[in-house]
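Please build the complex by placing chain B on the supplied structure of chain A, with the hints as guidance.
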Amino acid sequence: MYKITKKKIGISSIIILLVLMILLVNVFDFDFYIFRWLENGIYNLLAFFISTVESLASSVENIYSSFFRSRELIQENYRLRQELSELMIYNISLKEIEEENQRLRELTNLEEDLLANPTVVGARRVGLAPASWEKSLLVSAGSNDDVSERMPVVSYGGNLLGVVINAGVSSSQVKLVTDPEFVAGARVAREDSRALGIIRGQPGSSNLLLERIAWDADIEPGDEIVTSGISGDFPRGLPIGVVISVEPASYGLSQTAEVSFNLESRTIEEVLIITDF
Amino acid sequence: MRWQLSFPVLIIISFILQTTFFSRLPAARFGPDLLLVIAFSAGFLLGRRQGLVVGFAAGFLQDILLGGGLGLYTVSRMLTGGGSSLLRGKIYQENFPLVTLVIFFFTLLHELLIFLLSEQVIFRIDPLTAVLQNFLPTAVYTMLVGILFYLLIYYLIAGGERAHGK
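Chains as they are written, first to last, in this note's numbering: chain A, 1 to 277; chain B, 1 to 166.
It should be emphasised that the hints constitute simulated quantities derived from the structure, not laboratory data.
Glycine residues also receive a C-beta, built at the ideal position from the N, C-alpha and C atoms.
Don't take every hint at face value.
[As the list claims (entries may be wrong)] Chain A is faced by these chain B residues, among others (derived, beta-carbon under 8 Å):
#1 GLN4
#2 SER6
#3 PHE15
#4 THR20
#5 LEU35
#6 LEU66
#7 VAL75
#8 ILE114
#9 GLN120
#10 GLN133
Here chain A stands alone, though its shape is the one from the complex (with noise of 0.2 Å):
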């Protein structure tokens, strides 16, 4: 017969506390201190074991390179692409005043919100947070390097990477474009259409979609998709990705569209995180 013993009823009071801990935390949004502390501490350690595998990897990867290729090109090459990516957002920023000032001689008191002189972190890729549906990755950037949660991350050509949903000391997890989760505000990036809609990872595909777009709105495939800064989390004009097609949704009320991402989240191996916009 089954007994019941006080191991067993410590053992289950144990679990149902963990039980209902975590759904506190997670369905009510409850924030233990002694939790985020311990969470915070963990993550730490966790993230100083594999930057520095990370790194000794990416060291015997360059090692082996330097056969082939000088050290100092390999550098060189680093170097040269972070401040591509960083001319890359300047590009933007200047395209987007462009089409502002063609805009401002038609209308007037237009609040200037560009991405005029962003501070930029540049970062290397640590990893790939494993998991089944959500899309993080994890990068060499922390707060010793004032970087701070809600900032955005860019990557190759200033396309709009993803955000930074917790920055350790030496490393922060960013949250990418493509997770099911993600919600940015994005227009299509078109001279003669600025059709607004919310763009958001899809589970189990590379592509997002962009969602609540206006049902009479201008948009086609082809469209470049661009970030809005409307909610004034992310700087406008941030590349994301093409539309693929446009479908009425919300029987005919809206239309959402398919947008193939710009990146491969797989390959990529720096990132800027945006300071200051």
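Here is chain B on its own, set in the frame of chain A:
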């Protein structure tokens, strides 16, 4: 080596492998889910308590790495560790082909659980598409790589055939 020492080391190594090495491979989005194999092996080879503890540790670390902490994976890994202990005595631990198949089914069940509990996923993808494009490739990949990890744990941590009087 005592399991209290060896499993934390194994969890850290698996984490590093999954976040760095396997994430660079073309099939990165399908895993392999090494942490599931570790939780499964702990429960199946050592017992329910070990399975629950190792499952909790692996899941908690994974949730932290995903920016959460005490979340979905803490529960799912604990269930995996606890669930696999129920098979002790019913399946021979050294019957590797059968264990490989069991890992496959445990991965499928785990993926299904995560799918059902992910509110941002469940209503946005067709279940059949999820099964064909995510669950099955993940389960096959985890099964193939996971059996190697199981063998490692079986021989190095659980004592292998010596522990079973062979």
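Hint check results:
| no. | hint | result |
| --- | --- | --- |
| 1 | GLN4 | 17 Å, violated |
| 2 | SER6 | 16 Å, violated |
| 3 | PHE15 | 7 Å, holds |
| 4 | THR20 | 5 Å, holds |
| 5 | LEU35 | 7 Å, holds |
| 6 | LEU66 | 5 Å, holds |
| 7 | VAL75 | 6 Å, holds |
| 8 | ILE114 | 5 Å, holds |
| 9 | GLN120 | 4 Å, holds |
| 10 | GLN133 | 5 Å, holds |
In this structure, the hints that do not hold are numbers 1, 2, in rising order.
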